[in-house]
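Visitor: So you can see what is in the structure, the chains are spelled out below.
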Amino acid sequence: MNRTVTIEVKQLDRVVIRFAGDSGDGMQLTGDRFTAETASFGNDLSTLPNFPAEIRAPAGTLPGVSSFQLHFADHDILTPGDAPDVLIAMNPAALKANLRDVPRGATLIVDTADFTARNLKRIGYEQNPLETGELDAYHVIGLNLTGMTVESVKEFGLSRKDASRAKNMYALGLVSWLFQRPVESTITFLETKFASKPDIRDANIAAFRAGYNFGETAEEFSVRYEVKPAKMATGTYRNISGNLALAYGLVAGAQRAGLPLVLGAYPITPASDVLHELSKLKRFNVTTIQAEDEIAGVGAALGASFGGALGVTTSSGPGISLKSETIGLGVMLELPLVVCDIQRAGPSTGMPTKTEQADLLQVMFGRNGEAPLPVLAAQSPADCFAIAVEAARIAITYRTPVIVLSDGYLANGSEPWQIPVVDDLPTIDPNFTLEPNATDDKGAPLYLPYLRDPETLSRAWAIPGTAGLDHRIGGLEKEDKTGNISYDPANHDLMIRTRQAKVDGIARSIDPIEVDDPDGTAKVLVLGWGSTYGPIGAGVRRVRKVGGKVAQAHLRHLNPFPPNLGDLLRSYDKVLVPEMNLGQLAMLLRAKFLVDVVSYAQVRGMPLGAAELAEVIGNLVEETEGIDDDARHLGEAAANLTHGEALNGNEHDLHQSRLGGAR
Amino acid sequence: MSTVDLGLPSLPGGLHGVPAASEPQNRKEYVSDQEVRWCPGCGDYAVLAAFQGFLPELGIKRENIAMVSGIGCSSRFPYYLSTYGMHSIHGRAPAIATGLAVARPDLSVWVVTGDGDALSIGGNHLIHSLRRNVNLKILLFNNRIYGLTKGQYSPTSEPGKVTKSTPMGSVDNPFNPVSLALGAEATFVARTIDSDRKHLTSVLRAAAEHRGTAIVEIYQNCPIFNDNAFEAFKDPETRDDAIIPLVHGEPIRFGKEGRLGVVRDGFASLAVKEVADLPNGEADLVVHDAHADDPAYAFALSRLTDAGILHQAPIGIFRAVERPAYDDMVRQQITTAQEAQGTGDLQALVTGSDTWTIN
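First to last, the sequence lines map onto chains D and G. Counting from 0, one number per residue, gives the positions in the first sequence under numbering that gives the first Met the number 0. Counting from 0, one number per residue, gives the positions in the second sequence under numbering that gives the first Met the number 0.
If you are wondering where the hints come from, they were derived from the structure by calculation, not from laboratory data. Here the structure is a predicted model, which means the values were calculated and not measured.
Heads up, simulated EDC-like pairs for lysine to aspartate or glutamate below, C-alpha to C-alpha not over 16 Å straight-line:
{"id": "1", "chain 1": "D", "residue 1": "279", "chain 2": "G", "residue 2": "344"}
{"id": "2", "chain 1": "D", "residue 1": "573", "chain 2": "D", "residue 2": "516"}
{"id": "3", "chain 1": "D", "residue 1": "548", "chain 2": "D", "residue 2": "518"}
{"id": "4", "chain 1": "D", "residue 1": "279", "chain 2": "G", "residue 2": "338"}
{"id": "5", "chain 1": "G", "residue 1": "60", "chain 2": "G", "residue 2": "105"}
{"id": "6", "chain 1": "D", "residue 1": "153", "chain 2": "D", "residue 2": "201"}
A few chain D residues that face chain G, going by a derived Cβ cut-off under 7 Å, partial list only:
{"id": "7", "residue": "247"}
{"id": "8", "residue": "324"}
{"id": "9", "residue": "464"}
Every residue, glycine too, gets a C-beta built ideally from N, C-alpha and C.
If we strip away everything but chain D, and leave its shape as in the complex, we get:
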């Protein structure tokens, strides 16, 4: 077929694309493949999978809609994007559920096959929105993707149902053409994934190619888009999700300590992938125990640590609640233990597939008695790796349970990662005690399990099998040094204070928090923790772009805080703390430093948006500078920035840059 219209190629600096369909339509897979193609092309990227907790909600309904958003660019980006430029909707429900997020002028690629009166009525459309004109503000490309998919795989003799299941690959082929993505990796992927089912393999590949060719030959498309590779620091990159990075980081931590890793875990969304990934890594001396419950998971991990392994447990908020007593035992025993809390929206069962960061106070204080322990939080998907290594370092060096906070957004989201050289990772010394470390009154050698290193206050650690150092430990209060049971009042006070001092002292081993304050004249500091790093950074960039002065800092160590945090907070007129909870870090900062930070709290189960943060930050910057309410403009201007204007220095024309907006 020859085209009668030449295809124009438009340069874009960045694109936000969202695939949406039924939870059985393979949207997560489609998104993953588009991400892989985009990563191998060299764009910077950030992803946001979003799916229901139900595995297969009734087809065609709003609760059953699953989506995958990808933001890719020719420069470094920080978030999966607030709003899609392109929405691929595989059915009417996917269109309806996602349309509210899509700004006017954006492109809608819609599979029209399911737009029947019955399906439309089921989700509350009285008339076909493709025909009423209600979508006139968008650039709508309605195509019978299902019909064309079935046609393209006719030769394989599949049932219509099986044939239509390849429609996600058809759609992927089409958008791969539209954005000039390299397709080889997807073909290879399909060949491997369906190697044992040649019909399905060939049908998927045929559908993928047919979708690509359709873009090439059909006249619906007069424009293709190009997003050039990003200028990133030199090095070798891969794409990685938070849960995978966490699993690899845990293995790296154990390997750098020369210890076997024993994971005890019970499946829970969104943490289960860490269990799955570690289960594949037995060759690294990794044991995974799928325990009978959350308590047994952490129990097995602690038992393994008692035996000299690095015990790890992974869960989400509800599981952490169940593990609390055992974590408290770990505090008392002073044994290494890494507890990963992949937070999800609570309370109780909450919204299992949605993100939140409302477990901070739970992990800080959710144990009986004075039971302090270190708390770390990853700030991006790839950072989960470094945080896991750091958790292993602290757990082993200080003989303590360590909490690692991630969340559903980091767990499932992905980004390019500059691959570390593993030999450059810190080495961790378990420093097992092999000989008696004291003498008794008569000069006979003696092992004191609670004799401490004067610098770190970490206790001696002799593991079973070490001759002459046998000892008993337990949850009852210990006598200083000997570890024997003690109810002595003064000893209890000493031990409580010693355990606290040990955890506080970890601050001496961590780097001061760095602040990004370009010319050092900002009066407002935005301080975050965890997965808000990207959105806060994007919001800060927007405010700076419209002339506002604002500083940014981000916490990865939440207990203890970095040593310079108090001074940093006091050096700004205002400190804004955005969180996906009702102000938990803000509460800690006020309590510890008596600084009246400004809390910005949103708890919607979704990451914070860059534009909303820009508005909040801009307003606070002007308020701090004494500008009256009605004279303020910074926040609004920052929030309304779009695309190239917002994020990089290029003077892009807004409308040129807006995909499809030129029509």
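Following the hints, put chain G in place on chain D, whose structure we already have.
Guide: For chain G alone, coordinates are given in the frame of chain D:
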């Protein structure tokens, strides 16, 4: 009662992988420096003494023995033994011991627990360790009462029991720990009595030799809150009729002058009968088979235990069968993976297969 020859050679023994002691050991070496703080007359003293006396027989290095307990009077046990030990939290000892046993094939791991610890708060961990068949030895001290919290009824207390929390009598139906363990398809299930040191020791020895989870219910007297709960098994007047002795390969005959015996009774049940009333006398008695693969026989035996006040119960090894141990199989998978794929290249792992380079 005599010791038992289980004759189970094909799996490695329970102590396989645990280094042998270089010198003979004695009881004193296993006595820790901690003052024992059970109530005077507590049955725990007898078990502790028997255990301290028994450990040297194993001929393994003392530092390769680890005791893990939960919460309760009996869970103080580890403090009194000079081995490695952990006094953990209520009900969780089997879970903790599972992690330890998986991580350390060179340890002999023992769990010390009670009827409240194992069957109430920790019931879930108990049944799952039994079904997995982790190489653990579980000593379940059953005194049919909560001692440490001062006298509430336990999950093994008889119905109608009057305690501080049941002034009008308990309406809870009790667990039979042996039936429960067999329901979970435990591979080694035994019952013994605190005061019968010889039998206790013989059962402990068999448990130690067993590969997999061995659970030993020990009838243990609490002289403060439930005194004489097991008196029927101790009083010379009653004990011969009370103890149904289980000896592998022998007909189950007991009572004064052997007047009683166990016979098959209807569908999958057993009953105690006067031998004199049986058509063929002793030939009609059940010959105990601890190795029967189907746990139904051992379960039927366990039902000969009184549910209320104890007057009669089988004592001995109900079941001892072979099934691969969980921890052995977990470790084998690691070995298999390493043989097939090498010991793991961390740099290759983090690098993955899909990379790009910016120059």
